[in-house]
Amino acid sequence: MTIIQQMINKYDPITLEDKKHAIKEVLQEVVLAGLSKTDFFTHAAFYGGTALRIFYGMDRFSEDLDFSLLVADDTFDINKYFKPISDIVKSLGLNFEVSKKDKANGSNIDSAFIKGNTRETLITIYPDSADSNRIIHNEKIIIKFEVDVNPPMYADTELKFRLLPFPYQVRVYDQKSLFAGKIHAVIARSWKNRVKGRDLYDFIYYLSLDTKVNLKHLEARLKQTKIIEKDVKLTRELLIELLQNRFDHIDYEIAKSDIKPFIKNQNNLDIWSSDFFKSITKDIKVDL
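If you're matching positions, the sequence shown starts at 8 in this note's numbering and goes up one per residue.
Because the hints were derived from the structure by calculation, they are not lab data. Watch out, some of these pointers could steer you wrong.
What the hints assert, rightly or not - With a Cα cut of at most 25 Å, we get these calculated BS3-like pairs of lysine-lysine:
id, residue 1, residue 2
1, 108, 90
2, 97, 27
3, 31, 219
4, 31, 233
It should be emphasised that the depicted structure is a prediction, and the values quoted were computed from it without experimental measurement.
Work the whole structure out from these sequences, hints included.
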């Protein structure tokens with residue numbers, strides 16, 4: 008059994024969709040392992056939904072790999088990490104290419120895509136399965152890789168370790184800073200009328216872990232995106248007010264439809280409502 012098969016078998020995938028998700032999640036960990044062999048984590052930290060899944064046990068699938076530089080650097084070059092990523096993926100028997108995404112004007116985000124042919128990948132991992140016959144020939148497995156080159160201040164990080172595909176370490180936002188980033192997403196995406204049920208799902212997960220919020224980092228994020236003015240002091244009371252206002256303006260049916268493809272137990276969504284989210288927010292804890 009190959010290392011890739013060993014990693015995928017831990018997911019016990021049954022359906023074709025299960026297998027696709029498992030491949031993507033394993034590929035994410037392979038990419039992290041490849042980056043750990045470079046100087047990447049001396050300059051950047053891992054954060055976002057995939058970090059929450061891999062290092063804090065969240066039970067939903069996440070598509071992207073999100074990173075943040077430790078210090079703002081407009082000269083940061085994401086391209087230098089493409090070959091190390093490609094090399095480790097190929098060394099494990101998979102055929103994926105890494106390519107840069109054109110940067111939007113004024114964006115703080117450098118992006119790349121890691122792409123491979125779905126049918127070819129399935130045949131490689133499951134040579135005895137007929138599932139590959141159900142895939143259109145040009146379908147791609149795609150993982151987005153993003154780096155914030157102008158990050159808000161005051162995030163705290165820690166080193167985390169994994170054993171497969173080989174022992175490696177990753178610099179990750181700590182739980183309080185991850186929660187701050189998620190709360191920012193819940194609040195800030197509202198101004199663009201983008202309802203992401205995944206943000207709400209993660210918000211509940213952080214609260215279930217009794218996670219405190221890194222309030223200084225969240226304040227820096229909210230000021231960077233002009234959600235609050237530069238002279239405003241973010242307090243626990245103001246945070247609750249911002250969140251409760253947001254929860255009053257969400258279409259929860261749209262939010263549920265967003266998260267459903269990423270989770271197995273959908274009965275947990277039945278309770279979602281403005282009253283539910285406002286109630287669980289009242290006891291939110293902050294780290295000053």
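Hints and how they fare:
Between residue 108 and residue 90, the direct Cα distance comes to roughly 16 Å. Compliance with the 25 Å bound is thereby established for this hinted pair. With a C-alpha separation of about 18 Å, the suggested pairing of residue 97 with residue 27 holds against the 25 Å cut-off. A hinted pair counts as satisfied when its Cα atoms are at most 25 Å apart, and residue 31 with residue 219 does not qualify at roughly 30 Å. Note on residue 31 and residue 233: the hinted pairing is violated, with a Cα-Cα distance of about 34 Å set against a maximum of 25 Å.
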